[in-house]
Amino acid sequence: LRTFEIKGQVEAADGLAVPGQMADLTIVFETRKGLGVPSAAVLVRAGQQVVFVAQDGQARARPVETGFQNDGWTEILSGLEAGETVVTEGQTQLHDGMAVEVL
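Per the numbering used here, residue 1 is the first one in the sequence shown, and the count goes up by one each step.
One or more hints might be untrue.
[Stated by the list, open to error] Derived pair list, reagent style SDA-like, types lysine to any residue, alpha-carbon separation capped at 20 Å:
| no. | residue 1 | residue 2 |
| --- | --- | --- |
| 1 | K7 | M22 |
| 2 | K33 | E75 |
| 3 | K7 | Q21 |
| 4 | K7 | I27 |
| 5 | K33 | G83 |
| 6 | K7 | D24 |
| 7 | K33 | E81 |
| 8 | K33 | D96 |
| 9 | K7 | A23 |
| 10 | K7 | P19 |
| 11 | K33 | Q69 |
| 12 | K33 | A82 |
| 13 | K33 | L77 |
| 14 | K7 | F29 |
| 15 | K33 | T66 |
| 16 | K33 | N70 |
| 17 | K33 | D71 |
| 18 | K33 | E65 |
| 19 | K33 | A23 |
| 20 | K33 | G67 |
| 21 | K33 | L16 |
| 22 | K7 | L25 |
| 23 | K33 | W73 |
| 24 | K33 | S78 |
| 25 | K7 | V18 |
| 26 | K33 | H95 |
| 27 | K7 | V28 |
| 28 | K33 | F68 |
| 29 | K7 | T26 |
| 30 | K33 | Q93 |
| 31 | K33 | T85 |
| 32 | K33 | G72 |
Just so you know, these hints were derived from the structure itself, not from any lab.
Using the sequences and the hints given, assemble the complete structure.
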């Protein structure tokens, strides 16, 4: 939630608005449903974006397609399923098939 001042013009019907009047507005730019991961979890390997997931005690590199990035998070459009365990610590040192332990 952010608060800031906006100045604009409003056509008032029946004189319901007057110059200088204060108002509360809610502006929804866009809402999205989908998967998001910490941006630091998204790496570039061989020119492709990947996310490492922990699967059966091994790190698995998953090629992903990303969308919007905001406030330290990146939207994942494809390549990752809900519920998968994404590696967010030490991922820069991993390679596919390396042993990992989920803490």
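Cross-check of the supplied hints:
Of the supplied pair hints, the one linking K7 and M22 holds, its CA atoms being roughly 10 Å apart against a limit of 20 Å. A distance of roughly 9 Å separates the Cα atoms of K33 and E75; the hinted pair therefore holds under the 20 Å criterion. As the CA atoms of K7 and Q21 are separated by approximately 11 Å, the hinted pair is consistent with the 20 Å bound. For the suggested pair K7 and I27, the alpha carbons sit about 14 Å apart, so the restraint of at most 20 Å is met.
Distance check on the hinted pair: K33 and G83 sit about 15 Å apart at the alpha-carbon level, within 20 Å; holds. At roughly 12 Å between alpha-carbon atoms, K7 and D24 fall within 20 Å of each other, so this suggested pair holds. Among the hinted pairs, K33 with E81 is consistent with the structure: their alpha-carbon atoms are about 13 Å apart, no more than 20 Å. Of the supplied pair hints, the one linking K33 and D96 is violated, its CA atoms being roughly 29 Å apart against a limit of 20 Å.
Proximity of K7 to A23 is assessed by CA-CA distance (about 11 Å); at most 20 Å being required, the pair is judged to hold. With a C-alpha separation of about 11 Å, the suggested pair K7 and P19 falls inside the 20 Å cut-off, and the hint holds. Annotation: proposed proximity of K33 to Q69 holds, straight-line Cα distance about 14 Å (limit 20 Å). As the CA atoms of K33 and A82 are separated by approximately 12 Å, the hinted pair is consistent with the 20 Å bound.
For a cut-off of 20 Å, the pair hint linking K33 to L77 stands: about 10 Å separates their Cα positions. A hinted pair counts as satisfied when its Cα atoms are at most 20 Å apart, and K7 with F29 qualifies at roughly 18 Å. As the CA atoms of K33 and T66 are separated by approximately 14 Å, the hinted pair is consistent with the 20 Å bound. With a CA separation close to 14 Å, the supplied pair K33 and N70 stays within the 20 Å bound.
About 16 Å separates the Cα atoms of K33 and D71, which keeps this hinted pair within 20 Å; it holds. Between K33 and E65 the CA atoms are separated by roughly 15 Å; this keeps the pair inside 20 Å, and the hint holds. Restraint check: the Cα-Cα separation between K33 and A23 comes to about 30 Å, which exceeds 20 Å; the hinted pair is violated. At most 20 Å may separate the alpha-carbon atoms for a hinted pair to count; K33 and G67 meet this at roughly 12 Å.
Distance check on the hinted pair: K33 and L16 sit about 37 Å apart at the alpha-carbon level, beyond 20 Å; violated. About 12 Å separates the Cα atoms of K7 and L25, which keeps this hinted pair within 20 Å; it holds. The hinted pair formed by K33 and W73 meets the criterion: a straight-line CA distance of about 14 Å does not exceed 20 Å. For a cut-off of 20 Å, the pair hint linking K33 to S78 stands: about 13 Å separates their Cα positions.
With a C-alpha separation of about 13 Å, the suggested pairing of K7 with V18 holds against the 20 Å cut-off. Among the hinted pairs, K33 with H95 is inconsistent with the structure: their alpha-carbon atoms are about 30 Å apart, more than 20 Å. At most 20 Å may separate the alpha-carbon atoms for a hinted pair to count; K7 and V28 meet this at roughly 18 Å. Among the hinted pairs, K33 with F68 is consistent with the structure: their alpha-carbon atoms are about 12 Å apart, no more than 20 Å.
At roughly 15 Å between alpha-carbon atoms, K7 and T26 fall within 20 Å of each other, so this suggested pair holds. For a cut-off of 20 Å, the pair hint linking K33 to Q93 is broken: about 31 Å separates their Cα positions. In summary, the hint linking K33 to T85 is supported, as the alpha carbons are separated by about 19 Å, within the 20 Å threshold. Restraint check for K33 and G72: the C-alpha separation of about 17 Å stays at or below 20 Å, so the hint holds.
When held up to the earlier numbered hints, the structure conflicts with 8, 19, 21, 26 and 30 and fits the remainder.
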